[in-house]
Amino acid sequence: MRILMVNKFLYPNGGSETYIMRLGQWLSQQGHRVEYFGMEDERNTVGNSWGLYTSNREFRSGLSLSKVIYPFAIIYSVQARNKIRKLIREFRPDVVHLNNINFQITPSILYEIKKAKIPVVWTAHDYQLVCPNHSLYVHQEKRICTACLSGKYSGCLKYKCLHGSTVKSLIAMLESILYKWLGTYKIVDKVICPSRFIKEKLETRPELCGKCTVLHNFIDQVEAGEIPHGDYVLYFGRFDKEKGIETLLSVCRELPDIPFVFAGSGPLGDALSTIDNVKNVGFQSGEDLKDLICHARFTIYPSEWYENCPFSVMESQMYGVPVIGADIGGIPELIKDKETGLLFKNGDKAALKKAVYSLYHQPQLRDTYAKNCLQTEFDTLDIYGGKLLELYTSLISRKGDK
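Mapping of the sequence shown onto numbering that gives the first Met the number 0: residues 0 to 401, in sequence order.
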């Protein structure tokens with residue numbers, strides 16, 4: 000099978016990049032041919048055999064009306080469409096798998112894929128298909144927002160949803176309006192949703208109803224073994240308000256006898272140093288992060304925005320570590336309440352405080368949850384990849400019958 004993976008970044012940059020590289024490597028190991036299309040960049044670690052890429056466009060910084068001569072290229076890239084047309088002609092893929100493409104590659108490429116009659120799969124790493132700023136969250140005001148689910152996108156400009164910029168927000172709003180008007184997303188054959196929650200949100204778009212399927216993210220199988228837990232409670236992730244850090248820090252202050260360890264970075268990092276029972280160990284990864292997780296009594300995931308399918312929650316449980324998580328977004332799909340951890344009302348400081356105090360002081364309960372965590376089954380890459388290949392084959396067969 001010939002598979003074309005499409006993602007704007009082709010070097011390690013975030014979740015979607017990890018996804019395409021791990022998945023692409025696995026597919027290649029199974030004997031399939033995988034090529035990649037995205038932006039040209041000296042940091043690229045994957046690519047295609049013909050050197051066909053779209054120009055590198057930076058959207059996050061330095062954008063203004065006087066500087067941007069190409070705002071329409073950010074919304075609809077003729078160059079990306081031309082380049083993928085040539086790549087399709089050379090590679091002749093059996094299926095195209097889209098990931099993070101907006102603002103640099105743009106959905107304009109869907110028209111070339113449609114002309115070539117190739118099945119299209121799109122993994123929804125975020126809420127881009129229904130929200131111009133991809134997050135259902137107004138970062139300027141630090142609050143959840145579902146206004147654009149109505150199909151009207153003026154709120155994006157009103158609240159300056161894109162990086163607090165009027166210009167960027169205008170572009171994002173126009174992009175959403177354009178592709179809704181054109182009905183472009185009807186071209187997509189199947190949308191992979193990492194959670195039931197995001198599936199529910201995406202299916203508010205009529206053209207996506209019946210096309211969404213849930214496949215929770217894959218995670219490496221680990222050998223947890225018997226690890227003696229330490230005496231601390233762990234949070235690992237970004238230090239920001241939408242992650243629930245302000246609420247969690249308030250709880251830390253009110254539970255001075257419980258030691259907390261924070262691993263990560265972010266704008267609220269300085270606030271951690273003002274609390275005596277909080278230790279900030281900074282960003283951690285690899286074996287260092289594994290050791291922190293494995294030796295924690297439990298971890299906390301107090302998010303206050305619509306998380307999709309957070310690896311942090313899955314990773315903790317894979318190591319036999321219970322999780323206290325907010326009941327928001329896709330988090331409740333990963334934690335079995337009162338079995339592998341505890342769920343609490345997001346943003347509710349009193350509820351979080353009660354959960355932390357209760358679980359910290361009940362070792363037998365923690366042990367029960369820990370054992371249950373080790374019985375939790377998440378898809379490994381082998382299982383996930385097998386399901387994806389079945390989906391590819393089904394779509395290819397369907398196209399062949401038409």
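There may be inaccurate statements among the hints.
Unchecked claim - In silico SDA-like links for lysine to any residue, alpha-carbon gap of 25 Å or less:
#	residue 1	residue 2
1	Lys159	Thr375
2	Lys353	Gln363
3	Lys352	Glu206
4	Lys386	Gln28
5	Lys114	Arg42
6	Lys353	Tyr231
7	Lys398	Gly50
8	Lys335	Lys278
9	Lys335	Lys185
10	Lys344	Asn371
11	Lys185	Thr165
12	Lys335	Val166
13	Lys85	Val166
14	Lys337	Thr367
15	Lys157	Ile143
16	Lys337	Pro258
17	Lys370	Pro331
18	Lys185	Ile87
19	Lys210	Gly385
20	Lys159	Lys185
21	Lys116	His133
22	Lys113	Gly50
23	Lys85	Arg42
24	Lys198	Thr375
25	Lys198	Val221
26	Lys210	Leu26
27	Lys348	Ile257
28	Lys114	Tyr391
29	Lys278	Pro255
30	Lys179	Gln220
What the hints contain is simulated information worked out from the structure, not anything from laboratory work.
Each hint, compared with the structure:
Only pairs whose Cα atoms come within 25 Å are accepted, and Lys159 paired with Thr375 is rejected, the gap being roughly 41 Å. Only pairs whose Cα atoms come within 25 Å are accepted, and Lys353 paired with Gln363 is accepted, the gap being roughly 17 Å. Restraint check: the Cα-Cα separation between Lys352 and Glu206 comes to about 43 Å, which exceeds 25 Å; the hinted pair is violated. Using a Cα cut-off of 25 Å, the hinted pair Lys386 and Gln28 holds, with the two alpha carbons roughly 16 Å apart.
At most 25 Å may separate the alpha-carbon atoms for a hinted pair to count; Lys114 and Arg42 exceed this at roughly 32 Å. About 16 Å separates the Cα atoms of Lys353 and Tyr231, which keeps this hinted pair within 25 Å; it holds. Distance check on the hinted pair: Lys398 and Gly50 sit about 28 Å apart at the alpha-carbon level, beyond 25 Å; violated. The suggested pairing of Lys335 with Lys278 is violated, with an alpha-carbon distance near 28 Å, which exceeds 25 Å.
Restraint check for Lys335 and Lys185: not satisfied, since their Cα atoms lie roughly 36 Å apart, outside the 25 Å limit. A threshold of 25 Å between alpha carbons decides the hint, and for Lys344 with Asn371 the separation of about 22 Å falls inside it, so the pair holds. Between Lys185 and Thr165 the CA atoms are separated by roughly 29 Å; this puts the pair beyond 25 Å, and the hint is violated. Between the alpha carbons of Lys335 and Val166 the distance comes to roughly 43 Å, so the proposed pair goes past 25 Å and is violated.
A distance of roughly 32 Å separates the Cα atoms of Lys85 and Val166; the hinted pair therefore is violated under the 25 Å criterion. Between Lys337 and Thr367 the CA atoms are separated by roughly 10 Å; this keeps the pair inside 25 Å, and the hint holds. A C-alpha spacing of about 15 Å is found between Lys157 and Ile143, which places the hinted pair at or below 25 Å, so the restraint holds. For the proposed pair Lys337 and Pro258, the alpha carbon gap of about 23 Å is at most 25 Å, so the pair holds.
The hinted pair formed by Lys370 and Pro331 meets the criterion: a straight-line CA distance of about 19 Å does not exceed 25 Å. Taking the CA atoms of Lys185 and Ile87, the gap is near 20 Å; set against the 25 Å cutoff, the hint holds. At roughly 19 Å between alpha-carbon atoms, Lys210 and Gly385 fall within 25 Å of each other, so this suggested pair holds. Between Lys159 and Lys185, the direct Cα distance comes to roughly 28 Å. Violation of the 25 Å bound is thereby established for this hinted pair.
Pair hint Lys116 plus His133 does not hold up; C-alpha atoms about 28 Å apart against a cutoff of 25 Å. With a C-alpha separation of about 22 Å, the suggested pairing of Lys113 with Gly50 holds against the 25 Å cut-off. For the hint linking Lys85 to Arg42, the alpha-carbon distance of about 23 Å falls within 25 Å, and the restraint holds. The hinted pair formed by Lys198 and Thr375 meets the criterion: a straight-line CA distance of about 22 Å does not exceed 25 Å.
Restraint check for Lys198 and Val221: the C-alpha separation of about 28 Å exceeds 25 Å, so the hint is violated. Between Lys210 and Leu26, the direct Cα distance comes to roughly 23 Å. Compliance with the 25 Å bound is thereby established for this hinted pair. Taking the CA atoms of Lys348 and Ile257, the gap is about 16 Å. The hint holds against a cut of 25 Å. Using a Cα cut-off of 25 Å, the hinted pair Lys114 and Tyr391 holds, with the two alpha carbons roughly 19 Å apart.
Only pairs whose Cα atoms come within 25 Å are accepted, and Lys278 paired with Pro255 is accepted, the gap being roughly 12 Å. Distance check on the hinted pair: Lys179 and Gln220 sit about 40 Å apart at the alpha-carbon level, beyond 25 Å; violated.
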